[in-house]
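Chains H and A, in that order, are what the protein sequence lines are.
Going by my numbering, the letters in the first sequence line up with residues 1 to 279, in that order.
Going by my numbering, the letters in the second sequence line up with residues 280 to 586, in that order.
Calculated from the structure, these hints are not laboratory results.
Built from N, CA and C at the ideal position, the CB exists for glycine as well.
Do not rely on the hints blindly, as some may be mistaken.
Claimed, not checked - Chain A regions said to be covered by chain H (calculated; three or more residues, Cβ under 8 Å):
#, segment
1, 314-326
2, 341-349
3, 353-367
4, 427-438
5, 447-458
6, 490-503
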Amino acid sequence: MRQRPLERFFLLHLPLCLFLIVTLFPFYWMFITAIKPNAELYNVRMNPFLVLKPTLDHFRYLMQETLFLTWAYNTFYVSVLSTAISLLIGIMAGYALARLRFKGASVMAVGIFVTYLIPPTLLFIPLADVVRALGLLDSPWALILTYPTFLIPFSTWLLMGYFKTIPRELEECAMIDGATRFQAMIKIILPLALPGILSAGIFAFTLSWNEFIYALVFLPSSDIKTIPVGVVSELIRGDVFVGGPLMAGALLGSVPVAIIYSFFVEYYVAGLTAGAVKG
Amino acid sequence: MTSGVALPKERVQTRVKWLTYLEHDRALGYALVAPALLILTLFLAYPFSLGLRMSLSHWLVGQEPTFVGLRNFIRPADSPIFTRTVQNTFIYTAAATGLKLGFGMALALVLTHTFRGKGLVRAACLLPWILPAALSTLAWLWMFDAMFGVINWCLRYLGLVQRGMNWLGDPALAMLSIIVVDTWRGVPFFAISLLAGLQTISQELYEAATIDGANAAQRFRYITVPMLKPVLLVVLLFSIIWTFTDFQLAYVLTRGGPANSTHLFATLAYRVGIVSGQRGEGAAISLTMFPILGIVAVVLLLYLRRE
Numbered sequence: 001m002r003q004r005p006l007e008r009f010f011l012l013h014l015p016l017c018l019f020l021i022v023t024l025f026p027f028y029w030m031f032i033t034a035i036k037p038n039a040e041l042y043n044v045r046m047n048p049f050l051v052l053k054p055t056l057d058h059f060r061y062l063m064q065e066t067l068f069l070t071w072a073y074n075t076f077y078v079s080v081l082s083t084a085i086s087l088l089i090g091i092m093a094g095y096a097l098a099r100l101r102f103k104g105a106s107v108m109a110v111g112i113f114v115t116y117l118i119p120p121t122l123l124f125i126p127l128a129d130v131v132r133a134l135g136l137l138d139s140p141w142a143l144i145l146t147y148p149t150f151l152i153p154f155s156t157w158l159l160m161g162y163f164k165t166i167p168r169e170l171e172e173c174a175m176i177d178g179a180t181r182f183q184a185m186i187k188i189i190l191p192l193a194l195p196g197i198l199s200a201g202i203f204a205f206t207l208s209w210n211e212f213i214y215a216l217v218f219l220p221s222s223d224i225k226t227i228p229v230g231v232v233s234e235l236i237r238g239d240v241f242v243g244g245p246l247m248a249g250a251l252l253g254s255v256p257v258a259i260i261y262s263f264f265v266e267y268y269v270a271g272l273t274a275g276a277v278k279g
Numbered sequence: 280m281t282s283g284v285a286l287p288k289e290r291v292q293t294r295v296k297w298l299t300y301l302e303h304d305r306a307l308g309y310a311l312v313a314p315a316l317l318i319l320t321l322f323l324a325y326p327f328s329l330g331l332r333m334s335l336s337h338w339l340v341g342q343e344p345t346f347v348g349l350r351n352f353i354r355p356a357d358s359p360i361f362t363r364t365v366q367n368t369f370i371y372t373a374a375a376t377g378l379k380l381g382f383g384m385a386l387a388l389v390l391t392h393t394f395r396g397k398g399l400v401r402a403a404c405l406l407p408w409i410l411p412a413a414l415s416t417l418a419w420l421w422m423f424d425a426m427f428g429v430i431n432w433c434l435r436y437l438g439l440v441q442r443g444m445n446w447l448g449d450p451a452l453a454m455l456s457i458i459v460v461d462t463w464r465g466v467p468f469f470a471i472s473l474l475a476g477l478q479t480i481s482q483e484l485y486e487a488a489t490i491d492g493a494n495a496a497q498r499f500r501y502i503t504v505p506m507l508k509p510v511l512l513v514v515l516l517f518s519i520i521w522t523f524t525d526f527q528l529a530y531v532l533t534r535g536g537p538a539n540s541t542h543l544f545a546t547l548a549y550r551v552g553i554v555s556g557q558r559g560e561g562a563a564i565s566l567t568m569f570p571i572l573g574i575v576a577v578v579l580l581l582y583l584r585r586e
């Protein structure tokens, strides 16, 4: 249906511009604060939307006076390992639940969906005691082993959907040609499910990178925090003049996720709508 | 390379036996789900039962727990902070979910148009949802700042206020701020999911309705809404659960303050159970969310199944 220009302006361009401004402004604010010298930052008379003499001082402070680089390393390490573990386990479980007939499979599939709905804030207190009993408090393994509790249900559920869309006949042909079921799974099904695996993988990585409450509770020492927790708890101090380094930290902590996101937008959309549209 | 060396016969046989065993769906199935079940049992099911035991005990860090029955659930119920927390959580969930649904639907409808640069716009719209929430909330924290925040600067510039509003220092304004930030962060999830749902609706339905004389509002009411219902329900289910149990937005913006007036269940549980070390009471506060979420989940899933 063809729209008149005026109609199109009110139904499309105007609302779209408003949405984009509101959506992106906090990121602009983060960026401009991070490069603004303190003299401009704390001058209430100046127009706050602009920066006259951009500076990298806040980034320098972040690198030299805080443990930001250590936090970055921890976050990366934890995210990569917990994603790898969850993806492997999720592929196995997703394949079994989508393809194999065994007693209890359907109950387990429902069970996986239910665990997907359980939020981390429900169990973090008893889980803190489990982590302590295992001697993992203040170790990155506390996160590497507990993040799979929400990553496995998510990736299993997403991959089950993908495996179901691959025709059974492909596998059966391979098996008639002499492949074992295991070989058929590795050589035929996995390559075809690669988009789904990629979707689950980058989503799991993002969720691990962004996770907050487990990292806050299970890693109390300041030298092994993750970026979100480190920036929030070590950079907000009693005095108010920390805006610059705070925003520099927030910016740098967001950039890795933004870069991955820019390469894989479509996979994110697929991961995001998998639960809602297919479920 | 001496590839011709044969394996001892015995080993070949056990290997083959093991492989044929895995050829049975049942054995392979159990073997493949076992790791998932192990992790979920150890770090989800067990903590859940431990949490139940904790919540029924007087359980301080480093002390022998003693059984106290339901006291941990009853005692906080008397305290004004807990009552306030319950109110806050319900208001927050209702307001933020409503706003996210409204704006998310609006954005989804805008995005059904075809226009140049649509892919880029859609990607930009998802950013608040993708980037670390704790970090983007820091940007809001700085925008809300009473002295140097951009929001107060604009209000002063426009002459709407003389002195800046104390956004995070006043209980009501602080709750409002948390709701605004959660809405900002959650709209993309609604919009993109609903957009995916909208795109599955056949254009012919709309064309037929238009021919029959239905106007835009009627088409929305009688075609879009019913066709979108399954997606809508699942999106609502997830959003209600995430909002109700939210921790980081409130923690980063106010840490439950001023004077414990903006706690949600999760931030109060953290304060009592972790900061003060009263594991029993903290676990009880946290677990109070469970039956409420359970009811929401069951109602929505049953409704979905009936459709």
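Against the structure, the hints come out as follows:
1. For a cut-off of 8 Å, the count of residues in the segment 314-326 of chain A with a CB near a CB of chain H stands at 10, and the three-residue condition holds.
2. Residue count for the segment 341-349 of chain A with a Cβ under 8 Å from a Cβ of chain H: 0. That is fewer than the three needed, and the coverage hint is violated.
3. Under the rule that three or more residues need a Cβ within less than 8 Å of chain H, the assignment of the segment 353-367 of chain A is violated, with 0 such residues.
4. With 3 residues bearing a CB less than 8 Å from a CB of chain H, the segment 427-438 of chain A meets the requirement of three and the coverage assertion stands.
5. As drawn, the segment 447-458 of chain A meets chain H at 0 residues by the rule of a beta-carbon pair under 8 Å; below three, the given contact is violated.
6. Restraint check on the segment 490-503 of chain A versus chain H: 0 residues with Cβ-Cβ distances below 8 Å, three needed, restraint violated.
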